[in-house]
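Trainee: Read off the chains here:
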Amino acid sequence: MSIKRRTFIQAAGAGLAAGTLPLLGRKARAADFKAGYIYVGPIGDFGWSYQHDQGRLAADKALGTTSTYVEKVPEGADAERVIRELADTGHGIIFTTSFGFMDATLKVARDYPDVKFEHATGYKRADNVATYNIRFYEGRYIQGVIAAKMSKAGVVGYIGSIPIPEVIMGMNAFILGMRSINPQAKLKQVFINSWYDPGKEADAAKALLDQGADLMAQHTDSPAPLQVAADRGLKGFGQASDMIKFAPNAQLTSSIDHWDGYYTERVKAAMDGTWKSEDVWKGLDTGMLKMAEYANMPDDVKKLAMDTEEAIKTGKLAIFKGPINAQDGSVKVADGTTLGDGDIAGMNWLAEGVEGDLPK
Amino acid sequence: MRLEIIPRGARSQVWTYASPLLAIALTLATTLIIFLLLGKEPLEALRVMWIDPLLTKRGFSELFVKAAPLIMIGVGLSLGFRANIWNIGAEGQYVMGAIFATGVALYFYDVESFPIWLLMIPAGILGGMFWGAIPALLKTRFNASEILTSLMLTYVAKLVLLYLVVGPWKDPDGYGFPQSRLLTSAASSPHLIPGTRIHVGVVAALIVVAIGWFLLSKSLLGFKLKVAGQAPRAAAYAGFSTKSLTWLSLLVGGGLAGLAGMFEIAGPIGQLTPALPTGYGFTAIIVAFLGRLHPVGVLFGGLVLALSYLGGEKAQIALGLPAAVTMINQGILLFYLLACDLLIRYRISLPTRKVA
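Chains as they are written, first to last, in this note's numbering: chain A, 1 to 360; chain B, 1 to 356.
None of these hints come from the bench; they were simulated from the model.
By construction, the Cβ of each residue, glycine as well, lies at the ideal position given by its N, Cα and C atoms.
Accuracy of the hints is not assured; some may be wrong.
Stated by the list, open to error - DSS-like mimics (lysine-lysine), calculated; alpha carbons at most 30 Å apart, straight line:
(1) B:170 / A:332
(2) B:57 / A:200
(3) A:72 / A:268
(4) B:158 / A:124
(5) A:188 / B:158
(6) A:124 / B:170
(7) B:57 / B:40
(8) A:149 / A:124
(9) A:268 / A:107
(10) B:243 / B:218
(11) A:107 / B:170
(12) A:188 / B:170
(13) B:40 / A:61
(14) B:170 / A:72
(15) A:302 / A:282
(16) A:245 / A:206
(17) A:290 / A:206
(18) A:321 / A:188
(19) A:313 / A:302
(20) A:282 / B:170
(21) B:40 / A:72
(22) B:243 / A:200
(23) A:313 / A:276
(24) A:107 / B:158
(25) A:206 / B:158
(26) B:57 / A:72
(27) A:316 / A:302
(28) A:149 / A:206
(29) B:218 / A:107
(30) A:290 / A:245
(31) A:276 / A:72
(32) B:158 / A:72
(33) A:245 / A:200
What the hints assert, rightly or not - Just a sample of chain B residues kept apart from chain A, beta carbon distances all over 12 Å, derived:
(34) 21
(35) 34
(36) 248
(37) 265
Using the sequences plus the hints, can you model the full thing?
Mentor: Shown next, in the form of structure tokens:
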């Protein structure tokens, strides 16, 4: 106990010294620097929260820092208390990894100007609050290309979580990828209003396959839809992490969230005093998004997928490039123009080829 | 060999009230062993979980912030449980109270000069009462079990909530995220102590305890509820109407759950989101029984359960234990509480051998 308290005081003292006396060049030793992380799910979800925790472990390993995490934090009244607790116990940088932590993060950040905060997937920033996200839609486009080649019916079933731009842009990227190969391709979607609900996800997958889809994709976190497809001898995609072990004969690929590099970089910046509030939104080119091994497909499809991945990485292929029509056939992106990040981030319309309305 | 459970006859007054304390002691002893098996210093772990959260002004205040909704709902439920009216749907009534209160807040969104949160209080109570009235009607009219109807209405309430935040009440500046606008400061229940999140709802919870205690101990109504629960036939002979007690239990239980929902929205949460229901309505059932269905007991029961949440977070931060610690603690506590209650009312004995 007494040892713990002493190390804490040392760390706090070092942090204070680094903050107030930068000219003396004193820095907190790595082992004394603590990073905090809060997750909305359990780290055992094998999806979203699991990948964030992998990032945390990688950052600690690379920098020799220590870290703390709190899992299963509800996105309501409790988040503020937990974030405050982390800020109060000597954590120099705090990652809040779910959209619903946004306002709580800003509220606490106001009271702790010396602590750096990083909020994933949000849009509100402050001097000591940065935001970061991954361009998940890049992976969806590649999945769409593969789906067009692998689906006999040309119809894919797609489970949406919550109808926010993040999910809508993924759905649109998927159908654009499909239609780049097969202009008649269709995407049947259903929203289940949850990020993680294996039972509901499995039910939705069954319903979509019963309606004529012969391939599964999803923007929810459990392996359940992939497993349903596998049970029927069909193929599908993983989500957030590599789910090949759940369906060794059915997973074509999976978009993997890769926070390792980002967390390492930001913790280091906070430690060195070079941290700045930014909005980071990166994808395949930086390695924040990675594709799981292309499997269970013929070699020519594999080659096509790898070429597509390369084209996105090098910037040769822009995904939201006109002409793009909305569901009703009206022009959304004119020929020759490409959507800017602002328009992508606020996307609230479904592209031609997607069946079913957005929930209203 | 078979064990028999035999009623003890007269119930021990002392043990009725001592049993929750015994259950807490046994829970601590059991978690001690679990910590030992997990390779943690057991006494330090206990201290981190149960004492550390109370040591700072903020931690202490957070205990009351967390406990306030549990206490409000728990008092309402305990009145009904006394009369054997099993309202399992407080979670839905809590959500409905929050919805009604948010409706008022959004309707008066532009009003800044008047404390809108005062209007949200009756709205929240009404919302909860409305959702409690449905099982009451179904019970008194069709004799439908309130256990089932109130529980199922919880899911309906959550769907209504989802409909509103995805549809008509969606924040126009929220990038399509399913949530209402942030409530204005006029629609927020004021903070009472600077540097803490103690808000008017915490005081309201204490007032609810006082009124509950008065109703139960000093009024004819409390007497009726107790008689109806302990001796239904005596209550019938005395001319106490079961129907009106059913209505009353569900309306009071619903109203208080709705009030709790209103204060969560107007206090620590600050907007209507799909993340609102976190199981307070169900946890409050444990709180009610831990508190011996007595309002003052519920006050302590609520604080103990709230402490188990705060301690669970501390254990994650300070000791690196998984979040499951909180649920395990609550589960063990409920297990011992039920076991102690059983053993107070019954004794277990080997069957007496009969001579053939």
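Trainee: Now tell me if each hint is right for this structure.
Mentor: Status of each hint after checking the structure:
At most 30 Å may separate the alpha-carbon atoms for a hinted pair to count; residue 170 of chain B and residue 332 of chain A meet this at roughly 24 Å. For the hint linking residue 57 of chain B to residue 200 of chain A, the alpha-carbon distance of about 43 Å lies beyond 30 Å, and the restraint is violated. About 26 Å separates the Cα atoms of residue 72 of chain A and residue 268 of chain A, which keeps this hinted pair within 30 Å; it holds. The hinted pair formed by residue 158 of chain B and residue 124 of chain A meets the criterion: a straight-line CA distance of about 27 Å does not exceed 30 Å.
As the CA atoms of residue 188 of chain A and residue 158 of chain B are separated by approximately 26 Å, the hinted pair is consistent with the 30 Å bound. Pair hint residue 124 of chain A plus residue 170 of chain B holds up; C-alpha atoms about 18 Å apart against a cutoff of 30 Å. Restraint check: the Cα-Cα separation between residue 57 of chain B and residue 40 of chain B comes to about 27 Å, which is no more than 30 Å; the hinted pair holds. Note on residue 149 of chain A and residue 124 of chain A: the hinted pairing is violated, with a Cα-Cα distance of about 40 Å set against a maximum of 30 Å.
Between residue 268 of chain A and residue 107 of chain A the alpha-carbon distance is near 24 Å, which keeps this suggested pair within the 30 Å criterion. A distance of roughly 22 Å separates the Cα atoms of residue 243 of chain B and residue 218 of chain B; the hinted pair therefore holds under the 30 Å criterion. Restraint check: the Cα-Cα separation between residue 107 of chain A and residue 170 of chain B comes to about 22 Å, which is no more than 30 Å; the hinted pair holds. For the hint linking residue 188 of chain A to residue 170 of chain B, the alpha-carbon distance of about 25 Å falls within 30 Å, and the restraint holds.
Distance restraint check for residue 40 of chain B and residue 61 of chain A: the Cα-Cα separation of roughly 23 Å lies within the 30 Å cut-off, and the hinted pair is therefore satisfied. Straight-line distance between C-alpha atoms of residue 170 of chain B and residue 72 of chain A comes to about 25 Å, which keeps the hinted pair within the 30 Å bound. For the given pair, residue 302 of chain A sits about 24 Å from residue 282 of chain A by alpha-carbon distance, which is consistent with the 30 Å threshold. For a cut-off of 30 Å, the pair hint linking residue 245 of chain A to residue 206 of chain A stands: about 21 Å separates their Cα positions.
At roughly 28 Å between alpha-carbon atoms, residue 290 of chain A and residue 206 of chain A fall within 30 Å of each other, so this suggested pair holds. Taking the CA atoms of residue 321 of chain A and residue 188 of chain A, the gap is near 23 Å; set against the 30 Å cutoff, the hint holds. Among the hinted pairs, residue 313 of chain A with residue 302 of chain A is consistent with the structure: their alpha-carbon atoms are about 17 Å apart, no more than 30 Å. Only pairs whose Cα atoms come within 30 Å are accepted, and residue 282 of chain A paired with residue 170 of chain B is accepted, the gap being roughly 28 Å.
Pair hint residue 40 of chain B plus residue 72 of chain A holds up; C-alpha atoms about 22 Å apart against a cutoff of 30 Å. Annotation: proposed proximity of residue 243 of chain B to residue 200 of chain A is violated, straight-line Cα distance about 39 Å (limit 30 Å). Taken as a hint, the residue 313 of chain A and residue 276 of chain A pair is honoured in the structure, with Cα atoms around 26 Å apart against an allowance of 30 Å. The hinted pair formed by residue 107 of chain A and residue 158 of chain B meets the criterion: a straight-line CA distance of about 27 Å does not exceed 30 Å.
Proposed proximity of residue 206 of chain A and residue 158 of chain B is supported: the alpha carbons are some 24 Å apart, at most 30 Å. A hinted pair counts as satisfied when its Cα atoms are at most 30 Å apart, and residue 57 of chain B with residue 72 of chain A qualifies at roughly 25 Å. Under the criterion of a C-alpha separation no larger than 30 Å, the hint pairing residue 316 of chain A with residue 302 of chain A is consistent with the structure, at around 19 Å. Between residue 149 of chain A and residue 206 of chain A, the direct Cα distance comes to roughly 22 Å. Compliance with the 30 Å bound is thereby established for this hinted pair.
Straight-line distance between C-alpha atoms of residue 218 of chain B and residue 107 of chain A comes to about 45 Å, which puts the hinted pair past the 30 Å bound. Among the hinted pairs, residue 290 of chain A with residue 245 of chain A is consistent with the structure: their alpha-carbon atoms are about 17 Å apart, no more than 30 Å. Between residue 276 of chain A and residue 72 of chain A the CA atoms are separated by roughly 28 Å; this keeps the pair inside 30 Å, and the hint holds. Our distance criterion of 30 Å between C-alpha atoms is met by residue 158 of chain B and residue 72 of chain A, whose separation comes to about 20 Å.
For the given pair, residue 245 of chain A sits about 21 Å from residue 200 of chain A by alpha-carbon distance, which is consistent with the 30 Å threshold. Every C-beta of chain A lies more than 12 Å from that of residue 21 of chain B, the closest at about 28 Å, which supports listing it as non-interface. With a least beta-carbon separation of about 18 Å from chain A, residue 34 of chain B lies farther than 12 Å from that chain, consistent with its non-interface assignment. For residue 248 of chain B, the shortest C-beta to C-beta distance to chain A comes to about 30 Å, beyond the 12 Å cut-off, and the non-interface label holds.
For residue 265 of chain B, the shortest C-beta to C-beta distance to chain A comes to about 10 Å, within the 12 Å cut-off, and the non-interface label is violated.
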